[in-house]
Structures are given as C-alpha cells and as structure tokens.
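First to last, the sequence lines map onto chains A and B. Mapping to the UniProt record's numbering: the first sequence position 10 is 10, numbers consecutive. Mapping to the UniProt record's numbering: the second sequence position 88 is 88, numbers consecutive.
Since the hints were derived computationally from the structure, they do not count as laboratory data. In this text the structure is predicted, and so the values were computed from the model without any measurement. Hints should not be assumed to be uniformly reliable.
Computed list of lysine-lysine pairs in DSS-like fashion (alpha-carbon distance at most 27 Å, straight line) [claimed, not checked]: (1) B:Lys105 to A:Lys122; (2) A:Lys110 to B:Lys189; (3) A:Lys143 to B:Lys144; (4) A:Lys110 to A:Lys122; (5) A:Lys125 to B:Lys144; (6) A:Lys126 to B:Lys2.
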Amino acid sequence: MLSLRDISISFGGLKALTDVTFSIDDGINALIGPNGAGKTTLFNVISGFLKPDNGTVVFNNKDITFREPYEIFSMGISRTFQNLNLIKDVTLRENLYLGVFEKEKPSFLKDILRLNKRLWEKVNKKIEDVMDLTNVSKWQHLKPDSAPYGVLKNFELARALISNPDLILLDEPAAGLNNAEKENLGLIIDKIAGMGIRILMVEHDMSFVSSLAKYVVCLNFGKVIAMGTYTEIRQNKEVIKAYLGDTDA
Amino acid sequence: MKKLNLFYLSFLAIVIVLFYIFVDNQFYKSILIYIMINAINASMLNILFGYTGVISLGQAAFYGIGAYTTGILTVHFGCNPLLTILIGILIASFVAFLVGYPTLKLHGHYLAMATLGFGMILYIFFNEFSNYTGGPSGLVGIPKLSLFGFGLDNEDKFYVFISIYFFIFSILLELFDKSYMSYKLKFIKESEFASKSFGVNVSRVKLIVFVLVAAVTSLTGSIFAFYSGFISPVSFNLKYSIDIFIMATVGGLGSIVGGTLGATMLTAFPELITNFEDYEMIIYGTLLLIIIMFFPQGIAGIFKKFWGRYVKS
Numbered sequence: 001m002l003s004l005r006d007i008s009i010s011f012g013g014l015k016a017l018t019d020v021t022f023s024i025d026d027g028i029n030a031l032i033g034p035n036g037a038g039k040t041t042l043f044n045v046i047s048g049f050l051k052p053d054n055g056t057v058v059f060n061n062k063d064i065t066f067r068e069p070y071e072i073f074s075m076g077i078s079r080t081f082q083n084l085n086l087i088k089d090v091t092l093r094e095n096l097y098l099g100v101f102e103k104e105k106p107s108f109l110k111d112i113l114r115l116n117k118r119l120w121e122k123v124n125k126k127i128e129d130v131m132d133l134t135n136v137s138k139w140q141h142l143k144p145d146s147a148p149y150g151v152l153k154n155f156e157l158a159r160a161l162i163s164n165p166d167l168i169l170l171d172e173p174a175a176g177l178n179n180a181e182k183e184n185l186g187l188i189i190d191k192i193a194g195m196g197i198r199i200l201m202v203e204h205d206m207s208f209v210s211s212l213a214k215y216v217v218c219l220n221f222g223k224v225i226a227m228g229t230y231t232e233i234r235q236n237k238e239v240i241k242a243y244l245g246d247t248d249a
Numbered sequence: 001m002k003k004l005n006l007f008y009l010s011f012l013a014i015v016i017v018l019f020y021i022f023v024d025n026q027f028y029k030s031i032l033i034y035i036m037i038n039a040i041n042a043s044m045l046n047i048l049f050g051y052t053g054v055i056s057l058g059q060a061a062f063y064g065i066g067a068y069t070t071g072i073l074t075v076h077f078g079c080n081p082l083l084t085i086l087i088g089i090l091i092a093s094f095v096a097f098l099v100g101y102p103t104l105k106l107h108g109h110y111l112a113m114a115t116l117g118f119g120m121i122l123y124i125f126f127n128e129f130s131n132y133t134g135g136p137s138g139l140v141g142i143p144k145l146s147l148f149g150f151g152l153d154n155e156d157k158f159y160v161f162i163s164i165y166f167f168i169f170s171i172l173l174e175l176f177d178k179s180y181m182s183y184k185l186k187f188i189k190e191s192e193f194a195s196k197s198f199g200v201n202v203s204r205v206k207l208i209v210f211v212l213v214a215a216v217t218s219l220t221g222s223i224f225a226f227y228s229g230f231i232s233p234v235s236f237n238l239k240y241s242i243d244i245f246i247m248a249t250v251g252g253l254g255s256i257v258g259g260t261l262g263a264t265m266l267t268a269f270p271e272l273i274t275n276f277e278d279y280e281m282i283i284y285g286t287l288l289l290i291i292i293m294f295f296p297q298g299i300a301g302i303f304k305k306f307w308g309r310y311v312k313s
C-alpha cells in the first residue's frame, strides 16, 4: 500500500528525517512523536511537496518519490492540513469542488459552455453524500470565516474524502477540538476506514490515537524509534523516554 | 451550476443599443468605443490578477504586440487585415509563453517587477525598431478594417462592430464566471498549496491563463490599431499597464463586472471633469483613494452590498 524506505531529508545543516522506513496497509494508522520530530515533513514528502535527499516512497506498487503533488493526488492520496487551508472567498460547500472536480477532470470547453450538467449533478450528489457522512450539511452555505473551528475541520476531512482516495493523510485532525467534537470526529474516521479507505494520521492526542489506530509509528528527531500496536508502543522504553513520559497520556 | 446573470447581459445590450440610437455625437461614441476596449483589457487583467492572483504590469506590451503586428503587416506588407489579427494573437501567445514560463514561478512584487521589465523592453523595442514601427513618431496609414466586404470606415460602423465584439466577450466572461474554471482560479489565488494537494497543476494553469489573456489583449490591440489608424509607443507604455490595473482594481477584483465598471468610470471620468482641468488630478486621485481605502472590493463590491441589502430583501 504505502511503503517508505530509507527516507532522509535535510534543510541546510539540519537533518529533518533520517532513514525513515515503514509500511502501512489497511485501516487507521498513526504517526506520533514530539514537536519537531519530522511528522509533517514526512507528510510533505509523501504528498510530493518535498523531495527527499535519499530513499523511496512507494504507493500501490508505484514509485511516487519524485512525483508532483497533483500527480500524487490523482494516484489516490489526499490530505488535510495542520493549519486549516480552506478557501475563504467561497462557501464551505464550494470548497468541496476542489476535492471532486480535479478527480473528474472536466473538459475546459464543456465547462465554459455549460455542457456538463450531468457532471454537476454527479458532483452535487457526491457533495451531499460526503456532507452527510461528516455531519456538516447545515453549515454548507457559510464562508469559512463564519463557521466554528470544529466544523471547518470536518469540512477539510470532507474535502479530502470526496475524491474517493485510497489513502488520506490527516495532519493533527483532533487539534483544537473539544471532547464532543473529538468523539464525533473519531466516529467519522472509523466510518471512513470502514469504507476501505486507509488513514495515516499525525496526532498528539494519545487517547484519540489509542481509540482509533491499529498501527502506530513513533518518530523522534527525524528517526523511527518504534512501531507496532498502540499497546506495544506505550511500553517501548525509547518512546516513553522521548515522548510519552513515565505515565499514560 | 450557478445561474447566468442574464440581468447584467440584458442591461449591457440595452445600454449599447440605446446609446447607438439616441447619441449622435461622434465624440461620445468614440469615448464609448474606448470604454469597451479598456473594459476588455481590464477584464482580462482581472482574470489574471483578480481571479488567479497573477500580478502583471506588462499587459500594455501584449496590447502593443497586437497593434504593431497589425500596423506593420498592413502598412509595410499589405497583408490581409484579418490575417494580421491572427498573426498578432500567435506572436503574443508565443511571447507570453516565453515570458510566463520562467516568471510565473515568482510571486507578488517579484512577479510585478518581472512583468514590468518585460513591458519596458517592448516599449523600447517599439521606439527603437523605427524602420517598421515609426519609432516615437508612430505608425500612420493603418487601413480601416473591412469584414466580408463591409468597411468599418466611420465611427458608427465601428461602434456596431466593437459593440458586437464586446457583447460576445461579455457573454464568454459571464460563462467563465459561472464555470468550475473560475473556482479553480480562485482556489489557486488563495492557496497554491491546497490546490496542488487536490490535483491542480498550478504552474500549467497559470501559464495557460497568462497566454490566453495575452492572446485576447493582442486581439483587442489589433482592433484598436484598425480603429485609430495611427499607433505610437505612448499608447503601450507603463502608464497604460497601470491604467488598466487601476481600472480592474477600482471596478472590483475577482468580480466579472469589475473590469467593465472600472473602465467605464476611469475612461469617462477624465472627460467629464475637463472643465476643472486644473484640479483634474486632485479630484481623480481623491476618488481613487476613497474607493481603495473604503471599498476594497471596488465598485462591484458596492453594487453587491446594495443588491444584497435593498434588492434581495
């Protein structure tokens, strides 16, 4: 599915990632680690925004290491962002166009001459479905500036989901959410995984990770220090030392 | 799919027709012709900057390429006028590709400087290549355009021609505004990062838009050359690039009517205040300042607010 082998990348003299190697397959997977461990950098390598100095990224048996982000999206990887990245000038519903239209690749002339009514119907149906799944329908006509933070997070998830990806990268999906919103988000992520879509999430909230992730990779200073189930990870001495501390989070 | 704004298109058509029927004064007709030419140029810049976020201070150069291609090929080589328009479009598109390919990787001030530099180079070229361009004195004797044996040899005929061109242009613009493509450009403008993440080949789209805008601007330049019969580098200098930039900004960036509103106001306004010639620049400058400071979405934004508050409620 997704396989990273010996990924290394430096920014000037700073080694952000060193020989990162792991694979993920079905279900929900988590990437954890203290701040500055290299988690978002790794997401940017997987999604094509950063090119590694060394190593390979293989997705569905294809080498995507040096592919451009738009190519990687078309191969089935979509993502959310650590800082919300919704388009403020349009409504939340219209934000979902970005996720779905690029997958459908409408013809320019048909689009301009309004000859793709069927495509619009298909897009609108997809939008309704994905908004129902993520419980955001009632906010759809607001612009991002006017909606609550938790709703915006769900819209980002909806936008990542609407292209029917094989893998969604979630960058700190629970950050800034209250307990009720986290619970709701957890249920949505579980549903998405149940649809056969693989999830790799970066998350700091260990209770959120433990309730969802079947496989966890822990990074520290750009290196993989442990991987396994959450139970295995929480017992790993290096992880306890680097990140979790002596008690449960 | 959004509904087309048929009210706006009908309003445009009525104004154009009424003006033709009731205004005999050739001077006013020539002002309206210039308004339509500027509206097309400002609207194209609006697509480039207002929608896509690509700032260009070199649009006058593409306008000049169209005008000079037509001028040189008709005056010196006696080419078919329609062919010269086509050649102008091809040259402008090719030059836009050459300029856009490296420079569109830049953003903000850097891109503005690069396009400004390109505009300056073309301006110097129009001045110095005087064997063909006529240099600073300009190029005279450009024949009037003739379409299918119908010569556009007076103000009235040209008014009809430019009105048809402008109206077709406005319909296409409205279709564009209600298409997914207009969303795509807005997505690129606000977040290239998000756009790339969701499958948009940002560099390619920006380059295509840059080339298309240059092509239409060149076409308008050719038409301008046929209309005026005389062209000189002054019509294609930095001031004109800035003029259409201001028209798009004052009219309303990112709004499809912005270019037309801005061009109407800023082309007609100097003519309307000629009686106050001594204070012209002060009045003009104050007005611009007020709009930019208090109405950042331009005149289109004011109309939109009014429409939302009083008409829809």
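Hint by hint, here is what the structure shows:
{"no.": "1", "hint": "B:Lys105 to A:Lys122", "in the structure": "35 Å, violated"}
{"no.": "2", "hint": "A:Lys110 to B:Lys189", "in the structure": "23 Å, holds"}
{"no.": "3", "hint": "A:Lys143 to B:Lys144", "in the structure": "51 Å, violated"}
{"no.": "4", "hint": "A:Lys110 to A:Lys122", "in the structure": "15 Å, holds"}
{"no.": "5", "hint": "A:Lys125 to B:Lys144", "in the structure": "54 Å, violated"}
{"no.": "6", "hint": "A:Lys126 to B:Lys2", "in the structure": "17 Å, holds"}
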